[in-house]
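J.: Protein chains in written order, with my numbering: chain U, 10 to 392; chain P, -17 to 336.
Don't read these hints as lab results, they were simulated from the structure.
Any given hint could turn out to be false.
[Unchecked claim] Computed footprint of chain P on chain U; a stretch qualifies when at least three of its residues, placed anywhere within it, have a C-beta under 8 Å from a C-beta of chain P:
{"hint": "1", "region": "98 to 106"}
{"hint": "2", "region": "122 to 131"}
{"hint": "3", "region": "337 to 345"}
[As the list claims (entries may be wrong)] The calculated label-pair distances, taken between Cβ atoms and stated as ranges, are:
{"hint": "4", "chain 1": "P", "residue 1": "Pro7", "chain 2": "U", "residue 2": "Arg296", "range": "29 to 35 Å"}
{"hint": "5", "chain 1": "U", "residue 1": "Leu212", "chain 2": "P", "residue 2": "Thr322", "range": "51 to 57 Å"}
{"hint": "6", "chain 1": "P", "residue 1": "Gly116", "chain 2": "U", "residue 2": "Leu367", "range": "53 to 59 Å"}
{"hint": "7", "chain 1": "P", "residue 1": "Arg266", "chain 2": "U", "residue 2": "Leu212", "range": "55 to 61 Å"}
{"hint": "8", "chain 1": "P", "residue 1": "Ser137", "chain 2": "U", "residue 2": "Leu367", "range": "29 to 35 Å"}
{"hint": "9", "chain 1": "P", "residue 1": "Gly120", "chain 2": "U", "residue 2": "Pro339", "range": "31 to 37 Å"}
{"hint": "10", "chain 1": "P", "residue 1": "Pro7", "chain 2": "U", "residue 2": "Leu235", "range": "56 to 62 Å"}
{"hint": "11", "chain 1": "P", "residue 1": "Glu36", "chain 2": "U", "residue 2": "Ala64", "range": "58 to 64 Å"}
{"hint": "12", "chain 1": "U", "residue 1": "Gly146", "chain 2": "P", "residue 2": "Gly120", "range": "38 to 44 Å"}
{"hint": "13", "chain 1": "P", "residue 1": "Asp320", "chain 2": "U", "residue 2": "Arg296", "range": "54 to 60 Å"}
{"hint": "14", "chain 1": "U", "residue 1": "Pro244", "chain 2": "P", "residue 2": "Arg4", "range": "57 to 63 Å"}
From the three backbone atoms N, C-alpha and C, an ideal C-beta is built for every residue, glycine too.
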Amino acid sequence: MTGLAAAPGAAGTTQTPEGPPTEKKGGAPPRDSASQWRLVWRRFRRHRLAMLGLAVTAALYLVAIFADFLAPFGTEHFDEDYPYAPPQTIQFDGGLHVDGYTTAVDNETYEQTFTTDPSQRIPVGFFVRGEEYRLLGLIPWDRHLFGPTEPGAPMYLLGADRTGHDLLSQLIHGTRVSMTIGLIGVVVAFVLGVVLGGLSGYLAGRADTVIQRVVEFFMSLPSLPLWLGLAAALPPEWGPLQRYFAISVVLALIGWTHLAREVRGRFLALREEQFVTAARLDGCGRRRVILGHMLPSVSSHLIAQLSLSVPAMILAETALSFLGLGLQAPVVSWGVLLQDAQNVRVLETAPWLMIPGLAVVVAVLALNFAGDGLRDAADPYRR
Amino acid sequence: MNDTPAAPLLDVRGLKVHFPVRRGPFGRVTGHVRAVDGVSLALRPGETLGLVGESGCGKTTLGRALARAVEPSAGRVLYDPGDGGDPWDVGALSRRGLRAYQRQVRVVFQDPFSSLNPRMTLLRIVGDPLKAHGLASGSELEDRVADMLTRVGLSSRYMRRYPHAFSGGERQRISIARALILGPRLVIADEPVSALDVSVRAQILNLLLELREQLNLTYLFISHDLSVVESVCDRVAVMYLGKVVETGPTSPLYAQPRHPYTEALLSAVPRPDPRLRGAGRRIRLADDLPDPARPPAGCSFHTRCQAAVDGVCDVPGRPPELAPAGEGRLTACHRATDLTLTGVPALGPAVEGA
Chain U
10 MTGLAAAPGA AGTTQTPEGP PTEKKGGAPP RDSASQWRLV WRRFRRHRLA MLGLAVTAAL
70 YLVAIFADFL APFGTEHFDE DYPYAPPQTI QFDGGLHVDG YTTAVDNETY EQTFTTDPSQ
130 RIPVGFFVRG EEYRLLGLIP WDRHLFGPTE PGAPMYLLGA DRTGHDLLSQ LIHGTRVSMT
190 IGLIGVVVAF VLGVVLGGLS GYLAGRADTV IQRVVEFFMS LPSLPLWLGL AAALPPEWGP
250 LQRYFAISVV LALIGWTHLA REVRGRFLAL REEQFVTAAR LDGCGRRRVI LGHMLPSVSS
310 HLIAQLSLSV PAMILAETAL SFLGLGLQAP VVSWGVLLQD AQNVRVLETA PWLMIPGLAV
370 VVAVLALNFA GDGLRDAADP YRR
Chain P
-17 MNDTPAAPLL DVRGLKVHFP VRRGPFGRVT GHVRAVDGVS LALRPGETLG LVGESGCGKT
43 TLGRALARAV EPSAGRVLYD PGDGGDPWDV GALSRRGLRA YQRQVRVVFQ DPFSSLNPRM
103 TLLRIVGDPL KAHGLASGSE LEDRVADMLT RVGLSSRYMR RYPHAFSGGE RQRISIARAL
163 ILGPRLVIAD EPVSALDVSV RAQILNLLLE LREQLNLTYL FISHDLSVVE SVCDRVAVMY
223 LGKVVETGPT SPLYAQPRHP YTEALLSAVP RPDPRLRGAG RRIRLADDLP DPARPPAGCS
283 FHTRCQAAVD GVCDVPGRPP ELAPAGEGRL TACHRATDLT LTGVPALGPA VEGA
């Protein structure tokens, strides 16, 4: 042991470390306890489009939660006297009202057509008494945000469908199913993707090969026929709720592959990091290393990835239901509503039946913007 | 430092770590990279053994194999647990035994930036080993982490901060705290200062030495920097292409190497004193380390050795064995007895801030 004892400036300095007070590189104050989520949020807020997307997404989920209250009518409500009634506009002259309808029958085809008639006034109000429902599934209530003050009067702000259902109410109720089926599907896909992708990346070798071939197999299947097959395999006697879960699982079975690849790639890179080796040498078991040390490093990225896969699920559900193989009436989802818009002749007379498609576009765009922003914000190497 | 032949703390016998080379679509094994190819070493309790060699010679792999971070392919490592019982055969430990072993043998990593999880606070990084071994939790854990941080010269106030708030030197202190919190007996320090600024190197080295005295530690100090090794190590082992070519106490080995490779390494140490510049003979080795998947026949150094003699050094199947060369030294050279090699005078005081 020569050397150090004689090294000038070295002896005696050990007890005074080069602590943050003396160690301000670039003059920036030490940003210490800002957790990664705070940093991500800070970056996310600067992303205008993403913030807009987030706001719209949040609004849609609020609609889904309070659908019963926001919708003027329940899903079961219909009035067969008003098939394909066109949309009304809300008017104000001292009090809110909508115009009523007059019916005309075509002498050749016996087709009924409705036109709004300004001479009839149907008063409309806020917090009107209507059908009973349970708010949040718990609190029994009968008030609706708005509706005709006189129960039973026709009010079709977005028009009516073939059987006289109010499209606006249906759309609001459909939000609930359409926006949540993606979430449930994503949760299932997430578990599958993280577990299989994580194992694949962490174990590498043979397990990796097997899992990757499975992923490739699933990716190579044409998705539409596969959905059709799986959806057709569902027992017809299943109730709407069972069907709903089954469909979300079907969607997840397709959706997990991309996530699994993503996780695998990240884990392959991570397992070479010294801190992972260090964690193993610290006595952490495999589960603790994966869940406690590796997953947190990719969590922000995964969340972003997830938010990007929700719209894909929504689209898939819409496509399936549109084809009549997903959810079916009486369950209401945007895809189910769009089934009515399959016929060109119907669209000619009632173009408002396309409106649920618009809702899908808005929801998917909003989620995509928010997801993109989140991904960028979660990426520490981006400015 | 100690000449008493105490029972070695770690006795490495013929350790090999081979990595298969796979080619083709079916991953056929076409050869092996012999990262560590038959290393025998003994680490005595309380000493600091330096492991030197150029990049790619297998010193890091050897360190990792000793910590069982990679699985050895062959050979035995015997660890004396110091409780009077039989030494543990490290390669054959059960899961539980391995955990106990890894509690007593800890690693300090080279890169203070990638060895600390950026998503964790100091409390979690340093406290995690305790938690994983079920040794402490809650406020006791915090107390022990705080205590350890103070020991390595960091304020316990920083406990809830993330590693990115710290400089390289401080991060290495964190790394040391994490290694020492389990109360190990042996610390494998894998290039602990080579990623650091020269100005903080000496501080970290002094810290390591202080802790060695306070906690009765034994170090395996892996480094490619010979001046650092000289300043902290009692004994030195020189590795070349997966093999130990020379071992011995530090100062005699530096003063008079017995292996041409050691001589070449020593001749490359920079002289800080300008008056000595150009005084020593600089031995330039051919640039490339041979492919460790296909080591040269005979003495693996003969392709780059100035003293190599045809018919002696390159005979296939006759690699030189480590043989005693006086003063407690071992060397693996066919021509050890005929050569007179030059070393370096004590670098000692000249190594400013080492």
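J.: None of the hints should be skipped; say for each whether it holds.
T.: Right, here's what the structure says about each hint:
no.	hint	result
1	98 to 106	violated (count 0)
2	122 to 131	violated (count 0)
3	337 to 345	violated (count 0)
4	P:Pro7 to U:Arg296: 29 to 35 Å	holds (33 Å)
5	U:Leu212 to P:Thr322: 51 to 57 Å	holds (54 Å)
6	P:Gly116 to U:Leu367: 53 to 59 Å	holds (58 Å)
7	P:Arg266 to U:Leu212: 55 to 61 Å	violated (45 Å)
8	P:Ser137 to U:Leu367: 29 to 35 Å	violated (59 Å)
9	P:Gly120 to U:Pro339: 31 to 37 Å	violated (54 Å)
10	P:Pro7 to U:Leu235: 56 to 62 Å	violated (28 Å)
11	P:Glu36 to U:Ala64: 58 to 64 Å	holds (59 Å)
12	U:Gly146 to P:Gly120: 38 to 44 Å	holds (39 Å)
13	P:Asp320 to U:Arg296: 54 to 60 Å	holds (59 Å)
14	U:Pro244 to P:Arg4: 57 to 63 Å	violated (48 Å)
The structure fails hints 1, 2, 3, 7, 8, 9, 10 and 14 (numbered hints given earlier, in ascending order).
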